[in-house]
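Asks: So you can see what is in the structure, the chains are spelled out below.
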Amino acid sequence: MTQMKETSMTDSSITAGTTKGAQVELDQLVRTYGQVRALDGFSLSIAPGEFVALLGPSGCGKTTVLRVLAGFEQPDSGRVLVDGNDISDVSAQKRDMGMVFQSYSLFPNMSVINNVMFGLRMRHQGRSDSRSKAGQLLELVELSDQSTKYPHQLSGGQQQRVALARALAIEPRVLLLDEPLSALDAKVRAELRDQIRSLQQRLAITTVFVTHDQEEALSMADRVCVMSSGHIEQTATPAVLYARPTTAFVAQFVGISSRVPVETSGNEVVVFGQRCPIRTGEALSGSGHNDALLRPEDFGIDIDPNGKGFVTHKSFLGAITRLIVQVGEISVRVDVRSDQGADIELGTHVTPKVIARDVLVAPRVAAAPVEPL
Amino acid sequence: MATIGAAMSAEFMMEEALAPQAPVNRRRPRFRTWRLIVMLLAGAYFLLPIYAGLKFALENDAGHFSFFAVKALPTEPGFGAAFWLSMRLSLVTVVLSMVLMVPTTIYVHLRLPKVRRVVEFITILPIVIPPIILITGVLGSYPLWLKASPYLLSLVYVILAMPFVYRSLDAGLSSIDLKTLVEASRSLGGSWFATMRRVILPNLRPALLSAMVLSLALVLGEFTMASLDLWETIPVWIVNFQQQDGHVTVAASMLGLIGSWVLLTLIVSLDRSQSRRSLRKTGGL
Ligand SMILES: Nc1ncnc2c1ncn2[C@@H]1O[C@H](COP(=O)(O)OP(=O)(O)O)[C@@H](O)[C@H]1O
Ligand SMILES: [Mg+2]
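These protein sequence lines are chains L and Z, in that order. The first sequence begins at 12 in the numbering used here and counts up by one. The second sequence begins at 8 in the numbering used here and counts up by one.
Mixed in with the good hints, there may be bad ones.
[Said to hold, decoys possible] Footprint (simulated), chain Z over chain L, 3 or more residues, beta carbon under 8 angstroms: (1) 99 to 108; (2) 129 to 142.
[Unchecked claim] Okay, the calculated beta carbon distance ranges per label pair: (3) Z:111 <-> L:324: 57 to 67 angstroms; (4) Z:123 <-> L:102: 18 to 28 angstroms; (5) L:288 <-> Z:119: 55 to 65 angstroms; (6) Z:110 <-> L:156: 32 to 42 angstroms; (7) L:329 <-> Z:111: 52 to 62 angstroms; (8) Z:200 <-> L:43: 29 to 39 angstroms; (9) Z:272 <-> L:139: 38 to 48 angstroms; (10) L:198 <-> Z:102: 44 to 54 angstroms; (11) L:248 <-> Z:122: 40 to 50 angstroms; (12) Z:129 <-> L:92: 36 to 46 angstroms; (13) L:156 <-> Z:272: 48 to 58 angstroms; (14) Z:122 <-> L:326: 43 to 53 angstroms; (15) L:95 <-> Z:121: 32 to 42 angstroms.
Don't read these hints as lab results, they were simulated from the structure. Just so it is clear, the structure is predicted and the values come from calculations on it, not from any experiment. Every residue gets a Cβ at the ideal spot worked out from N, C-alpha and C, and that includes glycine.
All chains, please: the whole structure from these sequences, using the hints.
Replies: Below, the structure written as structure tokens:
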């Protein structure tokens, strides 16, 4: 991928500079549908050229954010600023936002090249100029040889690449991607993920990418904004988001955390008899009955015939092997290196040990069963 | 549209249902016999009257084969005027019906998906209400200057054609992802006009065509309204002229029938190429 990035850098005439990323400011957006608060005071500031992923479960309002930004929906209140200008009264037609939709959105009656040219023609650019520009964009998404085909003759992945080229052709101020990969199979999805990211970096175009797939968000974005029920839970770089979730929702949604009921006292907590410091700088720590949220890699295990825990599930994931260890009523997920996990059988008695520096603590909720891996 | 679509899919279903049975079903010969009998009966039911009509149209009074009726038709008194009136009414009806129904149906699909059921119900009313009641009401309530014009009939025909026109357009709009296509076009800088002309209408072509042909067929076949409104359209002329020469009027009906067939075959073939396209499209998902 890096190689492709370098070669295309030099040989394409479309590079950073032709498209300048815009600064986007979403300010206290509220949008309700009847009783549903699809957006509930959503504020986000996006730097020029930044790639932000909106991550959250289905129905949390991600698409609504994009639609408000694109001008397809009017917010009940709140403002949308692009480069400092309030665009609330600008119609979708005039907003210069390139959008790639979740469902296939190519115009079925037009060939690939005509689809890509559409936005340029709507901007009254000449036919031959539009054609050569569209040709360049198809080259960029590696589909030059498909330019005379019709959408129904293309695979899903090809269609989404054409849709991307079509959105980029107008040199949009902001690129909006609404789960563009969700209808594709895993292999194509991974390829396209890399392609979108490298194109975005090369064109330095401000991008909002919506997804419910945490792996996608973490691997592509400069910053990830985790949403639930119309508001933001946490916005941070992928590394920080993963390592330092500030809310229980984020901890459970990004990566998978096991909840362990604990008693907290001061800034310490006892997990399976082991004292651990509580992660600082978080809103939800408190004293009394709480839950510790621990990722599979936060645990290690000691094989111990007298251990209180035993292994109930085991699944091989390549470099690591993931176990579910039952200690009394509580089940936790534990990752071990596969070479070390090879001779752990189901039923082996073990003691889980916290190996993380500190632990995230959240108010206790009713114990949810740990699902099989 | 509704009937054409249904007939087509029934035909497809039959092909599909019967094909895989072949090697498995041991009772197939018996089924085959029954199928043949049913087909022959249905065929006779549809084809015999047409055969009889054609035969009668191509006979002279002595019962010999002759093209005299077809040749005489254009010069029969009143036929030219009736033909011309029917053509004008067709044109006005089709244009008016499209101008009213296309934007309405698109608007309902895009902005008022919840009232689709209500609109569907309203559009079916002209089938439920007997034409005789409709025309009595129209003649009783419309202003005189309008009643003096044959184009009053076009207004009534737009209403009569509504069930068919709405259903064609509704089916056409449901077969494309209208909302996404419109939004894609808008975000790329397309005006509403450009979106309509370059994106929606081209993808709606088969539906538009069938809507137009169905309203055309309605105008060319409608008798009750025209006769009560005292205008001699083709169907009214056929009935009036029957006393003078049966061969000629049957020839006129047969020509009308053949004309409709040609048109219908045209839409069905257009429709098929369209559905094959959309099939492949979903296959790609
Ligand atoms: N047009 C609409 N009418 C009614 N409710 C809607 C509409 N659009 C979205 N919603 C509701 O708003 C919430 C957020 O929707 P959406 O932004 O599409 O979520 P996401 O993209 O995160 O899955 C959902 O509960 C959804 O049911
Ligand atoms: Mg969505």
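Asks: Confirm or reject each hint.
Replies: Okay, the hints, checked on the actual structure:
1. For the segment 99 to 108 of chain L, the assignment as covered by chain Z holds, since 7 residues bring a beta-carbon within under 8 angstroms of that chain's beta-carbons and 3 suffice.
2. Here's how the segment 129 to 142 of chain L fares: 4 of its residues keep a CB closer than 8 angstroms to some CB of chain Z, so the rule of at least three is met and the hint holds.
3. In this structure, residue 111 of chain Z and residue 324 of chain L meet the distance hint of 57 to 67 angstroms, their C-beta atoms being roughly 59 angstroms apart.
4. Checked against the hint of 18 to 28 angstroms, the pair residue 123 of chain Z and residue 102 of chain L passes, with Cβ atoms roughly 26 angstroms apart.
5. Checked against the given bound of 55 to 65 angstroms, the beta carbons of residue 288 of chain L and residue 119 of chain Z, roughly 58 angstroms apart, stay inside it.
6. A C-beta distance of roughly 40 angstroms is found between residue 110 of chain Z and residue 156 of chain L, which places it inside the suggested range of 32 to 42 angstroms.
7. In this structure the hint that residue 329 of chain L and residue 111 of chain Z lie 52 to 62 angstroms apart at CB holds, the actual value being about 58 angstroms.
8. The given range of 29 to 39 angstroms is respected by residue 200 of chain Z and residue 43 of chain L, whose C-beta atoms sit roughly 32 angstroms from each other.
9. Residue 272 of chain Z and residue 139 of chain L have their C-beta atoms about 41 angstroms apart, which keeps the hinted 38 to 48 angstroms range intact.
10. Between residue 198 of chain L and residue 102 of chain Z the beta carbon distance is about 52 angstroms. The supplied range of 44 to 54 angstroms therefore holds.
11. Evaluation of the 40 to 50 angstroms hint for residue 248 of chain L and residue 122 of chain Z yields a pass: the beta carbon distance comes to about 47 angstroms.
12. Taken as a hint, the range 36 to 46 angstroms holds for the pair residue 129 of chain Z and residue 92 of chain L, whose Cβ atoms sit roughly 44 angstroms apart.
13. Taking the beta carbon of each, residue 156 of chain L and residue 272 of chain Z are about 37 angstroms apart, not inside 48 to 58 angstroms as hinted.
14. A C-beta distance of roughly 51 angstroms is found between residue 122 of chain Z and residue 326 of chain L, which places it inside the suggested range of 43 to 53 angstroms.
15. Range check, residue 95 of chain L to residue 121 of chain Z: Cβ separation about 39 angstroms, and the 32 to 42 angstroms hint holds.
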